Amino acid sequence: MLGNHFWSDLNHILPKRFPNVDLYETDKEGIIVVEVPGLQSTNDIQIKLDANILTVEGNVPYAYEASKQKLKLNERHTGVFSRTVKLPFHYTDEPVRAKYKNGLLEIRLNKIENDQTIAIQFEDD
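Its first residue numbered 1, the sequence shown is counted upward by one per residue in the UniProt record's numbering.
A portion of the hints provided could be inaccurate.
Claimed, not checked - DEER-style ranges, computed between Cβ atoms:
| id | residue 1 | residue 2 | range |
| --- | --- | --- | --- |
| 1 | E75 | K28 | 34 to 40 Å |
| 2 | Q121 | P95 | 20 to 26 Å |
| 3 | T26 | A66 | 22 to 28 Å |
| 4 | P88 | Q46 | 21 to 27 Å |
| 5 | E35 | R97 | 27 to 33 Å |
| 6 | E106 | E75 | 21 to 27 Å |
| 7 | T55 | T26 | 43 to 49 Å |
| 8 | Y62 | V85 | 24 to 30 Å |
| 9 | D125 | F89 | 34 to 40 Å |
Stated by the list, open to error - Taking lysine to any residue and the SDA-like style, the derived pairs with C-alpha atoms no more than 20 Å apart in a straight line are:
| id | residue 1 | residue 2 |
| --- | --- | --- |
| 10 | K99 | E113 |
| 11 | K68 | P37 |
| 12 | K99 | K68 |
| 13 | K86 | L39 |
| 14 | K68 | T55 |
| 15 | K68 | L39 |
| 16 | K28 | E113 |
| 17 | K101 | E65 |
| 18 | K111 | A98 |
| 19 | K86 | I31 |
Hint data in this document are derived by calculation from the structure and do not stem from the laboratory. Every value quoted in this text rests on a predicted model; they were computed, and no experiment measured them. Even glycine gets a Cβ: it sits at the ideal position worked out from N, Cα and C.
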């Protein structure tokens, strides 16, 4: 039987997936919540949209006076990060809204409804 020590030892070998992301939809919006505790400013994070790919990049500063070598346990992420998420919906070109509060980055996009019709105009020659 595998004990807790096996899994805690394994955590040091496997790469950490950071930041954690939740994604959910309402009828009109797609909402992405990214867990990024420790940011000092929204200037430390960039959000990019390319087609239906969302990329969140940033830098979580090291928060202690002691050097990293003196830490006895280090599970919190610090430093540069990047996370890419494929969106399961299409969104309008209206402005994307983002806010950061209590360690959570919330990104909201207005969805294109499945039955929404888009008129296409001809160009004059």
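Going through the hints against the structure:
1. For E75 paired with K28, a C-beta distance near 38 Å keeps the hint of 34 to 40 Å intact.
2. At about 23 Å, the beta-carbon gap between Q121 and P95 stays in the expected band of 20 to 26 Å.
3. Roughly 44 Å separates the CB atoms of T26 and A66, a value that falls outside the hinted 22 to 28 Å.
4. Checked against the given bound of 21 to 27 Å, the beta carbons of P88 and Q46, roughly 22 Å apart, stay inside it.
5. A hinted range of 27 to 33 Å for the beta carbons of E35 and R97 is inconsistent with their spacing of about 18 Å.
6. The hint said 21 to 27 Å for the Cβ distance between E106 and E75, and at roughly 24 Å that hint holds.
7. Here the CB-CB span from T55 to T26 is close to 23 Å, at odds with the stated 43 to 49 Å.
8. In this structure, Y62 and V85 meet the distance hint of 24 to 30 Å, their C-beta atoms being roughly 26 Å apart.
9. Taking the beta carbon of each, D125 and F89 are about 36 Å apart, inside 34 to 40 Å as hinted.
10. In summary, the hint linking K99 to E113 is not supported, as the alpha carbons are separated by about 24 Å, beyond the 20 Å threshold.
11. Restraint check for K68 and P37: the C-alpha separation of about 18 Å stays at or below 20 Å, so the hint holds.
12. With a C-alpha separation of about 30 Å, the suggested pairing of K99 with K68 is violated against the 20 Å cut-off.
13. About 24 Å separates the Cα atoms of K86 and L39, which puts this hinted pair outside 20 Å; it is violated.
14. Proximity of K68 to T55 is assessed by CA-CA distance (about 28 Å); at most 20 Å being required, the pair is judged violated.
15. Between K68 and L39 the alpha-carbon distance is near 18 Å, which keeps this suggested pair within the 20 Å criterion.
16. Taking the CA atoms of K28 and E113, the gap is about 7 Å. The hint holds against a cut of 20 Å.
17. Restraint check: the Cα-Cα separation between K101 and E65 comes to about 25 Å, which exceeds 20 Å; the hinted pair is violated.
18. Between K111 and A98 the alpha-carbon distance is near 15 Å, which keeps this suggested pair within the 20 Å criterion.
19. As the CA atoms of K86 and I31 are separated by approximately 13 Å, the hinted pair is consistent with the 20 Å bound.
Of the numbered hints stated above, those contradicted by the structure are hints 3, 5, 7, 10, 12, 13, 14 and 17, listed in ascending order.
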